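Student: The lines below spell out each chain.
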Amino acid sequence: DAGVIQSPRHEVTEMGQEVTLRCKPISGHDYLFWYRQTMMRGLELLIYFNNNVPIDDSGMPEDRFSAKMPNASFSTLKIQPSEPRDSAVYFCASSLTENYGYTFGSGTRLTVV
Amino acid sequence: DQQVKQNSPSLSVQEGRISILNCDYTNSMFDYFLWYKKYPAEGPTFLISISSIKDKNEDGRFTVFLNKSAKHLSLHIVPSQPGDSAVYFCAARGTSGGSYIPTFGRGTSLIVHP
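Heads up: the protein sequence lines correspond to chains A and B, in order. For the first sequence, the residue numbers in our numbering are 1 to 113. For the second sequence, the residue numbers in our numbering are 114 to 227.
Rather than coming from a laboratory, the hints here were simulated on the basis of the structure. A portion of the hints provided could be inaccurate.
Unchecked claim - Pairs of lysine to aspartate or glutamate residues, derived as EDC-like cross-links and limited to a Cα-Cα distance of at most 20 Å, are as follows:
{"hint": "1", "chain 1": "A", "residue 1": "Lys-24", "chain 2": "B", "residue 2": "Glu-155"}
{"hint": "2", "chain 1": "B", "residue 1": "Lys-118", "chain 2": "A", "residue 2": "Glu-11"}
{"hint": "3", "chain 1": "B", "residue 1": "Lys-150", "chain 2": "A", "residue 2": "Glu-11"}
{"hint": "4", "chain 1": "B", "residue 1": "Lys-118", "chain 2": "B", "residue 2": "Asp-144"}
{"hint": "5", "chain 1": "A", "residue 1": "Lys-78", "chain 2": "A", "residue 2": "Glu-11"}
None of these values were measured; they are calculated from a predicted model.
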């Protein structure tokens, strides 16, 4: 298996633009997580899905953020409109269980200018 | 409010010496603890874990110690190697009554000098 695949690896966008981050989880993993890494807050959970259904989105910072999982092999995290404070590395992870065995993707480094 | 705290953003040690990375937590519901390692341009990978029923878990050069009364854990790397240079994240979660999803700290950047 190729692991968790995220795209793009890097994204530079202007403030106000829409940004879409993509994730392909490991086949057979029922759980998918979106994390954001910043210097100030470390790795923080934004949202997670179980069997394509959002379970907890309490970590999503604002209504500007939305996430979808239309099928078991694909998820998106969208920011609209983007702001400079959204600049961070966004990780997607998948696992067989809710609490163990997370496999992370390589992340998307987002820069909003 | 950070429930998992890694108060040292960085640590520098000499090759062959011991590296000690510290982590504190505030949530009494946490009873399972994990360390992840992250290289640049890669995602975090699981390193070692410990349950609250233990106070020590060892895996090769890596040992995690847990002090429940102090709500403190530490990761010891002996001997440290240049390939250990990475960011180390401490994480904690519960096993009952909720809090199943790990909560991560800010990370500590370890640099091991040859």
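Student: Confirm or reject each hint.
Tutor: Results for each hint:
{"no.": "1", "hint": "A:Lys-24 x B:Glu-155", "result": "holds, 16 Å"}
{"no.": "2", "hint": "B:Lys-118 x A:Glu-11", "result": "violated, 30 Å"}
{"no.": "3", "hint": "B:Lys-150 x A:Glu-11", "result": "violated, 24 Å"}
{"no.": "4", "hint": "B:Lys-118 x B:Asp-144", "result": "holds, 15 Å"}
{"no.": "5", "hint": "A:Lys-78 x A:Glu-11", "result": "holds, 13 Å"}
When held up to the earlier numbered hints, the structure conflicts with 2, 3 and fits the remainder.
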